[in-house]
Structure formats: structure tokens, C-alpha cells
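Each protein sequence line maps, in turn, to chains A and B.
Residue numbers for the first sequence follow this note's numbering, beginning at 1 and rising by one.
Residue numbers for the second sequence follow this note's numbering, beginning at 1 and rising by one.
Derived from the structure by calculation, the hints contain no laboratory data.
Please read all numbers here as calculations on a predicted model, not as lab measurements.
Where a beta carbon is used, it is the ideal one built from N, C-alpha and C, also for glycine.
Watch out, some of these pointers could steer you wrong.
In the DSBU-like style, the derived pairs of lysine-lysine whose C-alpha atoms are separated by at most 30 Å in a straight line are [what the hints assert, rightly or not]:
1) K66/B x K69/A
2) K41/B x K49/A
3) K20/B x K107/A
4) K107/A x K66/B
5) K107/A x K49/A
6) K14/B x K55/B
7) K66/B x K20/B
8) K69/A x K58/A
9) K41/B x K14/B
10) K41/B x K78/A
11) K66/B x K78/A
12) K107/A x K64/B
13) K107/A x K41/B
14) K69/A x K49/A
15) K69/A x K107/A
16) K55/B x K58/A
17) K78/A x K58/A
18) K55/B x K66/B
Here are the in silico distance ranges between beta carbons for each label pair [what the hints assert, rightly or not]:
19) T82/B x I60/A: 29 to 35 Å
20) K41/B x A1/A: 42 to 48 Å
21) E63/B x A1/A: 41 to 47 Å
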Amino acid sequence: AQSVTQLDSQVPVFEEAPVELRCNYSSSVSVYLFWYVQYPNQGLQLLLKYLSGSTLVKSINGFEAEFNKSQTSFHLRKPSVHISDTAEYFCAVSVGGGGADGLTFGKGTHLIIQP
Amino acid sequence: GAVVSQHPSWVICKSGTSVKIECRSLDFQATTMFWYRQFPKQSLMLMATSNEGSKATYEQGVEKDKFLINHASLTLSTLTVTSAHPEDSSFYICSAGTSGRQYEQYFGPGTRLTVT
Numbered sequence: 001a002q003s004v005t006q007l008d009s010q011v012p013v014f015e016e017a018p019v020e021l022r023c024n025y026s027s028s029v030s031v032y033l034f035w036y037v038q039y040p041n042q043g044l045q046l047l048l049k050y051l052s053g054s055t056l057v058k059s060i061n062g063f064e065a066e067f068n069k070s071q072t073s074f075h076l077r078k079p080s081v082h083i084s085d086t087a088e089y090f091c092a093v094s095v096g097g098g099g100a101d102g103l104t105f106g107k108g109t110h111l112i113i114q115p
Numbered sequence: 001g002a003v004v005s006q007h008p009s010w011v012i013c014k015s016g017t018s019v020k021i022e023c024r025s026l027d028f029q030a031t032t033m034f035w036y037r038q039f040p041k042q043s044l045m046l047m048a049t050s051n052e053g054s055k056a057t058y059e060q061g062v063e064k065d066k067f068l069i070n071h072a073s074l075t076l077s078t079l080t081v082t083s084a085h086p087e088d089s090s091f092y093i094c095s096a097g098t099s100g101r102q103y104e105q106y107f108g109p110g111t112r113l114t115v116t
């Protein structure tokens, strides 16, 4: 079985400051890693994913995450946040790929951007 | 593209009654659909996985007879909470995967169930 730990339930950050949302996972087999974002009153949206290859993956809106196998981590970072980044962020893992296999989620981190 | 809807968005029912929640993929064919449950300030917990035309596969600890899942077509899955009790009150979220995009699930906005 897999598990995901998001160490921070809430992260307040000033606008234009950098942010890191932490995610650690536990699994006895290789996994695929995902970050999902949930804006208020909306469904979860895929932010970025690591499947294989380069350990650094990037999204179109400036977020990036780095897969670290030795530390079993997949932390999410952004060098400069905007008010519009205020949302709930979920880290998730999947054994089978995510489309045909259920996801195991962390508890989520609420990113609060302060002006 | 890849929009998933849920209906209703919020439902209140009396203890002992049954309630049905619909999940639809609006612009793609969902070969696999998933149902999750989310408690306040908790993570999403996978309840079951269903493939079109097949019986759902339930996660350990999920009561099959209480949470009936039907995936009758490539665009519709339903979750029926039978004989609902207050402890079934929760946020239910569906998602859909398609064979053409193996690594992505598309999530609905969720349904809040309150059992009184």
C-alpha cells in the first residue's frame, strides 16, 4: 500500500514571495507522482506529474516539482506566487498510472497568498 | 475539454433513505470512473473503481451493499448511498479516466451529502 504525507496543512505566503509545499510518500513499489490543485468551488485539476525521465517537472503557470527517490519526496515550488494561486494543493501517487488506477492522496495544503 | 460534472452538488436526506449521485463525462468517453470520499480537512479516500459494463472494484473497508456503483455507459456512473445514516455525511467526488490518456484523471466538482 502507498501513503502520502503533506507536512503542512496551511502555508501563508506574501504575494511575489517564493513558496515550497512539501510532499513525502511511502511505497514498496515504483509510483507515479502528481500534484493536483483545487480552486474554491471547483474540481481538482492536474497541475503536474512525474512519470519517468527528468526528475524536475514543470507546469505552464510557473510551478515545478522535483522527484527525489532517495528522500521519497516530490515537493512543489514556485519562485513568485500570485493572489490567483490561492487554492488547496494535493499531492498524490499512483501505482498504475493514474488514469486506470486510483490515486492515493495526501491531506492537502491550503496555500494562502497575502497581499 | 475533459469536463466531468456531478449532480446534485448538494443533497440533504433523512436517515434511512437512499440517495443517488450522478457523475458524467461531458466531452469524452470515460473507460474508468473512480469514486472518492473526502471528510473535512482530510484527504480524498478512494472508495471504488468501475469500468464501463463491469462490476465496480471496492477498496478495503468500503461496504459494497451500502455504496452501490453503476457504470452503465461510457459517460455516466452513479453512486447510490443506501439506507443513509448521519455518519455517511461527507463530500463525494468522482473522477474519470480515459484509455487515450493513461496518466490523467478528470475530477468532478463533488457532491456534499448531509444526512439528518
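Identify every previously stated hint that the structure contradicts and give their numbers, smallest first. 1, 11, 16, 19, 20 and 21
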